[in-house]
Amino acid sequence: MKRIIVIIALIFAAITATTIFNGCAVPASIASKSGAQLWAENCLRCHNSPPPNDYSDGEWAAIGAHMKLRTNTMTDTEINKVVEFLQSAN
Amino acid sequence: MKKVTAGFGLCILLLITSTTSAQDSTQTELNMKALSGNPGSTHLLLSGVTWFGLQANLSDTVKTNVKNTFNDFGFSPMFLWKLSDKVFFESEIEIKNDGSAENGAAFDLEFAKLSYTANDYLTIGAGKMLSPFGAYNEKWEPNHIERFPNAPLRPDDNILPDDSHLFWGAIMGIDARGKIPMGSSKLTYVIYISNGPTLSKDANDRPTGVIQYENWNDNNNNKEIGGRIGLLPFSNNCLEVGFSYKHGIANSLTDTLFNQNREVSNYNIGATALAYDLNFVKSVPDLKSIIGIRGQYSSLKVDQANYYLNDSATYTFDNNLTSYFAQFSFRPAMVENCFFKNLEFLIRFNSVTPPKDALWGGKATTRLDIGLDYWLSWRTGLRLAYEMTSNPDGSKTNMIIARLATGL
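Protein sequences appear in the order of chains A and B.
Take 15 as the starting number for the first sequence in my numbering and just add one per residue.
Take 8 as the starting number for the second sequence in my numbering and just add one per residue.
Read the hints as simulated data drawn from the structure, not as lab findings.
As the structure is a computational prediction, the values presented were derived from the model and not from experiment.
Treat each hint with caution, since some may be false.
[Unchecked claim] Lysine to any residue pairs mimicking SDA-like chemistry, simulated, CA-CA at most 25 Å apart: (1) A:Lys-47 - B:Lys-295; (2) B:Lys-289 - A:Thr-91; (3) B:Lys-208 - B:Ile-236; (4) B:Lys-289 - A:Ser-63; (5) B:Lys-289 - A:Met-81; (6) B:Lys-348 - A:Asn-67; (7) B:Lys-308 - B:Ser-384.
I would like the entire structure built from these sequences, with the hints used as guidance.
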């Protein structure tokens, strides 16, 4: 019984949080970060930063989707900016 | 079973609520389009890792023993398919020397997971996936990413009588993950439901109290629930702290277990694990370096039960286990010299404390690792480590380990 309450509480917390934050604007200073800056800040945390010319455009698209899930911290807009930067610089 | 159904129902409710609140009909149409797969929208990457290494035992004084060996090789192809902006599939196969395989290599499906992204706040995944418990397993474990030539000390490193996969490995189940911006900080979450843990059995098929994860079929109808919450307080994401939790019932429907010396049917043995993790990586221009601090503390607590000592007697013990590691790395990546900029200096302290009074338990095993890497590229590195283990019986084992690993 306890576990069900914990699960329900967790799920409700997630629903409430997603509903509240869905409409929440990202601060301008963060929203305006360029793909290069996001790449420099985010792609060094777990492994060395991969250089743009190691992969083709299509491969970067797949990697972007993969890293979005692994990091679980980057929004679609942020990861798209990084991928566009890497595709333009490879 | 009811709980599982409730869990599933709630996950679906979560998906529907958050997608409907986030999306208007235009967005839904876009999603349908994305799902139907526009020509040219599929992207495939064949990636992975390969590694080769050796180890030398410096403490072994028995003349007839083999003291150094090339014992470490493997190849893990990884397949990544981005099917649309919403749908992604990832899978990895591992072929490696695990010391037991007759033909020199064991073959494993590490993970095969299909994910659907509803929005920034919610992605649902299903399949065999890396356990999101703690940070090490999902984020730092692959051999081209792990900076040391081996993993931190784990209960499976000959400390427990059986492989347990307590705080790493894969799960079979469903997860929901996402991130929630909080001003300039970020909160991330993962919740999952999977097959639960099981109790390892002795030669007479009796539970020993060792908890095993990585179960491809469950041994009871109760599923494990777990998850992780991560907080990134700074806008440049240089620091992430995480808290993980998982709970499941470990005994099978047919296990004979004892409570208060009475055989009790319907007696559930719950296994609850917690983990705290931290990752801090920062370029420090004054030192012309990148410094990294990372660590994870994990603990497991199993409900009280009496286990067979022999055919006629039972015994009990506090079935608690802790395991942690803390690591510091320093890479002078911004110096001019092209040799020094590729070096990375590492130090890591590890500890595993099994249940003190278990037949298979005892005192802590600790290990201090001192490492040196030479990076040939961002994903290829030669790793060297000197590892000093303090065993529970007071003896010490010193090893030198080397590994060349590359991402593919």
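Hint by hint, here is what the structure shows:
{"no.": "1", "hint": "A:Lys-47 - B:Lys-295", "verdict": "holds (24 Å)"}
{"no.": "2", "hint": "B:Lys-289 - A:Thr-91", "verdict": "holds (24 Å)"}
{"no.": "3", "hint": "B:Lys-208 - B:Ile-236", "verdict": "violated (33 Å)"}
{"no.": "4", "hint": "B:Lys-289 - A:Ser-63", "verdict": "holds (12 Å)"}
{"no.": "5", "hint": "B:Lys-289 - A:Met-81", "verdict": "holds (19 Å)"}
{"no.": "6", "hint": "B:Lys-348 - A:Asn-67", "verdict": "holds (20 Å)"}
{"no.": "7", "hint": "B:Lys-308 - B:Ser-384", "verdict": "violated (42 Å)"}
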